[in-house]
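Engineer: Given next are the chains, with one letter for each unit.
Protein chains: 2
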Amino acid sequence: MSEKVRLALDVMGGDFGPSVVIPGAEIALSRHKDMEFVLVGDERQIMPLLAANPRVKARSEIVHTDIAIRMDDKPSKALRYGRRVSSMWKALDEVKFGRAAAAVSAGNTGALMAMAAFNLKTMPGIERPALAALWPTLKGESIVLDMGASIGADAAALFDMAVMGAAMARVVFDIERPTVGLLNIGVEEVKGLEFIREAGQMLRDADLADLDYRGFVEGDDIGKGTVEVVVTEGFTGNIALKTGEGTARQIGEYLRAAMSRTWRSRLGYLLARNAFATLREKMDPRKSNGAVFLGLNGVVVKSHGGTDPIGFASAVDVAYDMARYDLQSKIRTMVDVSHAARKDPTAAPVEAAS
Amino acid sequence: MSEKVRLALDVMGGDFGPSVVIPGAEIALSRHKDMEFVLVGDERQIMPLLAANPRVKARSEIVHTDIAIRMDDKPSKALRYGRRVSSMWKALDEVKFGRAAAAVSAGNTGALMAMAAFNLKTMPGIERPALAALWPTLKGESIVLDMGASIGADAAALFDMAVMGAAMARVVFDIERPTVGLLNIGVEEVKGLEFIREAGQMLRDADLADLDYRGFVEGDDIGKGTVEVVVTEGFTGNIALKTGEGTARQIGEYLRAAMSRTWRSRLGYLLARNAFATLREKMDPRKSNGAVFLGLNGVVVKSHGGTDPIGFASAVDVAYDMARYDLQSKIRTMVDVSHAARKDPTAAPVEAAS
Numbered sequence: 001m002s003e004k005v006r007l008a009l010d011v012m013g014g015d016f017g018p019s020v021v022i023p024g025a026e027i028a029l030s031r032h033k034d035m036e037f038v039l040v041g042d043e044r045q046i047m048p049l050l051a052a053n054p055r056v057k058a059r060s061e062i063v064h065t066d067i068a069i070r071m072d073d074k075p076s077k078a079l080r081y082g083r084r085v086s087s088m089w090k091a092l093d094e095v096k097f098g099r100a101a102a103a104v105s106a107g108n109t110g111a112l113m114a115m116a117a118f119n120l121k122t123m124p125g126i127e128r129p130a131l132a133a134l135w136p137t138l139k140g141e142s143i144v145l146d147m148g149a150s151i152g153a154d155a156a157a158l159f160d161m162a163v164m165g166a167a168m169a170r171v172v173f174d175i176e177r178p179t180v181g182l183l184n185i186g187v188e189e190v191k192g193l194e195f196i197r198e199a200g201q202m203l204r205d206a207d208l209a210d211l212d213y214r215g216f217v218e219g220d221d222i223g224k225g226t227v228e229v230v231v232t233e234g235f236t237g238n239i240a241l242k243t244g245e246g247t248a249r250q251i252g253e254y255l256r257a258a259m260s261r262t263w264r265s266r267l268g269y270l271l272a273r274n275a276f277a278t279l280r281e282k283m284d285p286r287k288s289n290g291a292v293f294l295g296l297n298g299v300v301v302k303s304h305g306g307t308d309p310i311g312f313a314s315a316v317d318v319a320y321d322m323a324r325y326d327l328q329s330k331i332r333t334m335v336d337v338s339h340a341a342r343k344d345p346t347a348a349p350v351e352a353a354s
Numbered sequence: 001m002s003e004k005v006r007l008a009l010d011v012m013g014g015d016f017g018p019s020v021v022i023p024g025a026e027i028a029l030s031r032h033k034d035m036e037f038v039l040v041g042d043e044r045q046i047m048p049l050l051a052a053n054p055r056v057k058a059r060s061e062i063v064h065t066d067i068a069i070r071m072d073d074k075p076s077k078a079l080r081y082g083r084r085v086s087s088m089w090k091a092l093d094e095v096k097f098g099r100a101a102a103a104v105s106a107g108n109t110g111a112l113m114a115m116a117a118f119n120l121k122t123m124p125g126i127e128r129p130a131l132a133a134l135w136p137t138l139k140g141e142s143i144v145l146d147m148g149a150s151i152g153a154d155a156a157a158l159f160d161m162a163v164m165g166a167a168m169a170r171v172v173f174d175i176e177r178p179t180v181g182l183l184n185i186g187v188e189e190v191k192g193l194e195f196i197r198e199a200g201q202m203l204r205d206a207d208l209a210d211l212d213y214r215g216f217v218e219g220d221d222i223g224k225g226t227v228e229v230v231v232t233e234g235f236t237g238n239i240a241l242k243t244g245e246g247t248a249r250q251i252g253e254y255l256r257a258a259m260s261r262t263w264r265s266r267l268g269y270l271l272a273r274n275a276f277a278t279l280r281e282k283m284d285p286r287k288s289n290g291a292v293f294l295g296l297n298g299v300v301v302k303s304h305g306g307t308d309p310i311g312f313a314s315a316v317d318v319a320y321d322m323a324r325y326d327l328q329s330k331i332r333t334m335v336d337v338s339h340a341a342r343k344d345p346t347a348a349p350v351e352a353a354s
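Each protein sequence line maps, in turn, to chains A and B.
If you use the numbering used here, the first sequence corresponds to residues 1 to 354, in order.
If you use the numbering used here, the second sequence corresponds to residues 1 to 354, in order.
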């Protein structure tokens, strides 16, 4: 493909702003030569960094703004001072007005959710956006959504998330018919919340060509990689993600402590250091950095705020893939097809006039 | 203390029934000499096992029944054929009629929840029971509840769980004023669901002497051990628990694969095998086996169904501690005190008559 993939970067987002975003873009650019950037932020901070990052310098345009969203402001406050003028908002504008194929921000999650929904709006037919994360599993990676873009889903929202997650899986994993499961507290059909059962029934009834619905999955199925797409309401998804991350860190700590306790274990560690390097890479949260907002009129990728250039580059890679393989049109098509096939199990049966 | 702690064991519960329960009881008995058992189940299966487990033989009475609850039956079905007559029900009867201080079952979780609630009933003032698990953390252990005994809590239910969890922490960890957090998706007061905010306000207002409320915690705070008691609604708690377990297993798999790949890593593994043994012990789910139903008129401990004798012994230990240090009266006292101190933030203000 000859046309360039143009991404808007919120340069001021994240705990470290330009000093992570620009070197991160440089790394991503070394992997994808057909990428270019709109760097949105304070040009006085951007310019000095471009000298050390020549690929970015050669492939970027700067959109200047003085205003950056602070990491700890509430969304309402961020919208008040940052709407139309902040680097976050202006990066989204690049997507909205078709000048960039996707936006990437490591900024304040709540503010980004609010601004993305407010500026780009949800797609026709989609009630609310969902945040989809890549989750490393024993089989490779899965997509888990919603990680907290909205709270309190109903059956129709879970159904749409399943469809959007499957569209993303088709792009990321390059598979025709991704397997999808609904996160629940038991695999038997009788368990769990009513709206999850309803969503399962809707998915079964719709019997979509591009989505292989496999029923309920439990928390431990995420790490097993039982399905390629795990769908859950945003509160639970966020708790699951952070609990998983916390457990991984905890075990990493145990391992470090155990390996440094005796001279034998230290020697063993040295001998096996390649194995530990492999393990570290497997567990490296930077590799799966980059969660995607699905269901908006435009691709928005959220990077962890505290990541480094390697982690930010992963988020840029995700945005690149979504843009290059046209996530948006895949979602639109699948949403249209699925809504045509969808039956609402809660709808009252049509009665003959008496 | 001279009086014995008498525990009722559902011998037929779990994937392996008597062949795990009786050797498990034997192990527990080696740690607590002042314990005795009521073995509820099929005596034809129990008798042959007693020869190999002399401590249990010397300290047990058998209550015979032919009827065992199958592991995969729905609660409603289990109640139909197992009410009054099954080993699970009869073990609960021992508690109900004061012949045992606690019951332990590795049986079907749904059936045990249903039978425990139905047979023992909830304590005065408690709307619904909660299932509390011990969770290994970087600081030691925490208590997390509810793991799924009920679904869809309101603010008052979370408040009661906080109080009951704190009572359990006082027994298990032997601390006067356990720290308590409400699981949420952000530590800022503005985030998350309304009923969680309300519960937080109720806990702050009540300002209890036996409970140190520390505000919201996130998923990754569980493994850090930020607070000693983590309170959440049952659906989310169950997902969090299983996600954490799944992540731990996943990393264990990564580690095994990495360590067996080259001769250097295998040699390193051999040298560091004590360190790996320490790690395995830290991560051993058998050590934290034994979740406790809180809020019933009697102590009921749920063991994992697939555990071995070592794991079952941990669940028996938990029941022993709860009985020996009188969890029930601690809960009753704390519930009474807390209800007297509780203000319902949703209650309409009292208006003067016009």
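It should be emphasised that the hints constitute simulated quantities derived from the structure, not laboratory data.
Don't take every hint at face value.
The list treats identical chains as interchangeable, and a pair is accepted whether it falls inside one copy or across any two copies.
[Said to hold, decoys possible] Within a straight-line C-alpha distance of at most 35 Å, the following computed DSBU-like cross-link-like pairs (lysine-lysine) qualify:
#: 1; residue 1: Lys139; residue 2: Lys74
#: 2; residue 1: Lys74; residue 2: Lys33
#: 3; residue 1: Lys224; residue 2: Lys77
#: 4; residue 1: Lys96; residue 2: Lys224
Engineer: Taking the hints in turn, state whether each one holds.
Structural biologist: The hints, checked one at a time:
no. : hint           : in the structure
1   : Lys139 x Lys74 : between (38 Å within a copy, 31 Å between copies)
2   : Lys74 x Lys33  : neither (37 Å within a copy, 57 Å between copies)
3   : Lys224 x Lys77 : between (40 Å within a copy, 31 Å between copies)
4   : Lys96 x Lys224 : neither (38 Å within a copy, 41 Å between copies)
This entry does not satisfy hints 2 and 4, going by the numbered hints stated previously.
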